[in-house]
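Novice: One-letter residues, chain by chain:
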Amino acid sequence: MAGFLVRRILGALVILMIISAVTFYLFYAIPRDPARAFCGKICRPETLDLIRHNLGMDEPLFVQYWHWLAGIFMGREFVQFGACPAPCLGYSFATQEPVFSAILDRFPVTLSLTLGASLVILSFGILTGMLAAWKVGRPLDKIASSSSVIGASLQIYFIGPLLAFYLVDTLELIPRPSYVPVSEDPVGWFTHLLLPWVVLSIIFTANYTRMTRSQMVEQLTEDYVRTARAKGMSGRTVFFRFAWRGAMIPIVTIFGVDLAALLGGAIITEQTFTLHGIGELAVRAVQNTDLPMLLGVTIVGATAIVILNIVVDVLYAVIDPRVRLS
Amino acid sequence: MSNLEQQVTTSPPGPFLSVRDLSVEFSTEDGIVHAVDGLSFDLRKGTTLGIVGESGSGKSVTNLAILGLHDPDHTKIGGEIWLEDRELTGADRATMERLRGNRISMIFQDPLTALSPFHTIGRQIGEVYRKHRGASKKEARERAIEMLSRVGIPQPATRVDHYPHEFSGGMRQRAMIAMALVCDPDLVIADEPTTALDVTVQAQILDLLKELQQQTGTAVILITHDLGVVANTADDILVMYAGRAVERGTVREVLTEPRHPYTWGLLSSMPRLTSSVDAPLKPVRGTPPSLLSPPPGCPFHPRCDYPELAGPELCRTQRPEISPATGHGDACYLSLRQKTEIRTAQIEDHA
Ligand SMILES: Nc1ncnc2c1ncn2[C@@H]1O[C@H](COP(=O)(O)OP(=O)(O)OP(=O)(O)O)[C@@H](O)[C@H]1O
Ligand SMILES: [Mg+2]
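Top line first, the protein sequences correspond to chains A and B. In this text, residue positions in the first sequence follow the numbering used here: the first is 1, and each later residue adds one. In this text, residue positions in the second sequence follow the numbering used here: the first is 1, and each later residue adds one.
Next comes chain A alone, as it looks inside the complex (with noise of 0.2 Å):
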């Protein structure tokens, strides 16, 4: 196990170099100067050059990637700014803040936004799905399948504000969406994002319950299911001790693949409901072709689904023996 831990943050580290070489790459190719943007209207060439060199990019492109992958282990000085302290991303062209600073503050937003949908897409599409198994043809089943249809059909910009209007709106049920830190406030924090984590979670747990329900059915097939009945285990055993089993292998697997829709997902609905996350971040550095914040937010997001996914590669050899020895 710890062997195939080493390896896999090994692996990790690989792609995380070529994903932030790649965009640093992508972001020269786009034919849009960013020091020209600072320039402002009338640009005379000298002050171009100038800015052109505070910013680093008068040097070759392999240097200044150099630069920004040793200021992430060990730090950078910069003309204008001073120290930055490792881990450094450098600074904003836009707003001139310390990049990872400014992802540090939002960051906790969107993780809480897909940690939470995820619980809620893992327990409720799963749940869902076997009792949907557990009743196949029944009327359950019947309501849980079409309603998984309708689910998946929904857009996260259609139903949030929908959603906002009756629930917040009209009926005052629930409070606005917003970001109230957990540390401060863990009520305040689960009621302000209930709504953003349901929108985030209806479309994929749809997708969950189609899915368990059918690993579900086909696993009541396999023969070592069989195997359990000609014991004598009873149904119920059959169904959530042997069956289960079988049925999350799959489950598992397509979460990890989703974990970068999701993260996507989340931004969409940090733009629907306001929230102050990452995506709020890479929207404006898109924008303001702030390669700096750009090459922040996509490494930080690019983390987080790499580390997710080496929890979902442990989480598969718990649930399933033959994984442990390769």
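Simulated from the structure, these hints should not be mistaken for laboratory data. For clarity, every value in this text was computed on a predicted model and none was experimentally measured. Please note that a few of the clues may not be correct.
[To be verified] Label-pair distances were calculated between CB atoms; the ranges are:
| id | chain 1 | residue 1 | chain 2 | residue 2 | range |
| --- | --- | --- | --- | --- | --- |
| 1 | A | S153 | B | Q204 | 57 to 63 Å |
| 2 | A | S147 | B | S136 | 43 to 49 Å |
| 3 | B | E146 | A | L154 | 55 to 61 Å |
| 4 | B | R133 | A | G3 | 40 to 46 Å |
[Stated by the list, open to error] The calculated EDC-like cross-link candidates involving lysine to aspartate or glutamate, where the alpha carbons are at most 16 Å apart (straight line), are:
| id | chain 1 | residue 1 | chain 2 | residue 2 |
| --- | --- | --- | --- | --- |
| 5 | B | K138 | B | E166 |
| 6 | A | K135 | B | D184 |
| 7 | B | K45 | B | D71 |
| 8 | B | K45 | B | D198 |
| 9 | A | K135 | B | E348 |
| 10 | A | K135 | A | E77 |
[Said to hold, decoys possible] Covered stretches of chain B (chain A as the covering partner; in silico rule of three or more C-beta atoms under 8 Å from a C-beta of chain A):
| id | stretch |
| --- | --- |
| 11 | 31-37 |
| 12 | 108-115 |
Cβ atoms here follow ideal geometry from the backbone N, Cα and C, with glycine treated the same way.
We have chain A already, so just place chain B with the ligands on it with the hints.
Specialist: This is chain B with the ligands only, laid out in the frame that chain A set:
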């Protein structure tokens, strides 16, 4: 409840398992599959019955019906299955759950897929013991170790914590046998227990089964394609064709004086030590009938070489019942004399 279960019943002397006019029908998208149709047979206490027949003849379906493992939503089961004084086709779910793994257990063909990949061998064996004997976790584990050593698995105290994928094919089947025998059942159904194994391991597993049966006195139903296996292991044989019994008798009777044309075909389709090396192996010609719309008359008549001997229309229109009612019997309209003549001629041909 379990006191009631175990109370001594004064059952009339007779077969231990008695299947009467069993029928199993599956409703499918294409129609109703008559997988088993009018099957009757008996099993004496402590003996081994070999069930043979081509693929699709209903061997597995029959035995799953005994255990009540068919999906009740898509299956219609008719007839009677008597286990001593208890009728099983009409038994409720709880009764069947108490019987399975306890008084009747099953060994499946492929131990790799039939064992749960997610639980240790010890747990899979132990949970049967816990379920039916109310044993504690510790007792169940000790029992599992004991069973593993009885089926010849080395270092059972270590092996008990391993997962099926850490076992070899032969060891997995031994573990499966341990699981089947953990509650000292009266009846073990082994559905092609060696088909998925290496040839070298097959004999070992069969020997083990035989040995354990002699020790415990449990009755065994052994399903197989291999008449050689039956010859070595079974006391009685039931030959099935298209969901029906076509011949039954002791091993000696059926193998030395086979009476049904289908049994003749089965015998000549397998290599024999007694016949000369270059005697051709003849598979039974033709294919089994459709189970969706079985032909009228004898189900074997389209593949039979002698339907006209029994009278012009008889085989095509009327279904033969197995006769005589006990002992060596077969379901065919040919007279005993005709059969003996045909058989003698066949054997002369072969020699
Ligand atoms: N659940 C089911 N639904 C529909 N048809 C079925 C079902 N189970 C079995 N059958 C059909 O019933 C027939 C008998 O099947 P069975 O498995 O008993 O054959 P078998 O004698 O065990 O063959 P084999 O030697 O290949 O194991 C086959 O034609 C099979 O396709
Ligand atoms: Mg079979």
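Novice: If a hint holds in the structure, say so; if it doesn't, say that too.
Specialist: Against the structure, the hints:
1. A:S153 with B:Q204: 57 to 63 Å: holds (58 Å)
2. A:S147 with B:S136: 43 to 49 Å: Holds, at about 44 Å.
3. B:E146 with A:L154: 55 to 61 Å: Since the Cβ atoms of E146 of chain B and L154 of chain A sit about 58 Å apart, the hinted range of 55 to 61 Å holds.
4. B:R133 with A:G3: 40 to 46 Å: For G3 of chain A against R133 of chain B, whose Cβ atoms are near 42 Å apart, the range 40 to 46 Å holds.
5. B:K138 with B:E166: Violated, at roughly 23 Å.
6. A:K135 with B:D184: Violated, at roughly 35 Å.
7. B:K45 with B:D71: violated (29 Å)
8. B:K45 with B:D198: violated (31 Å)
9. A:K135 with B:E348: violated (62 Å)
10. A:K135 with A:E77: Roughly 65 Å between the alpha carbons, so the hint for K135 of chain A and E77 of chain A is violated.
11. 31-37: violated (count 0)
12. 108-115: holds (count 5)
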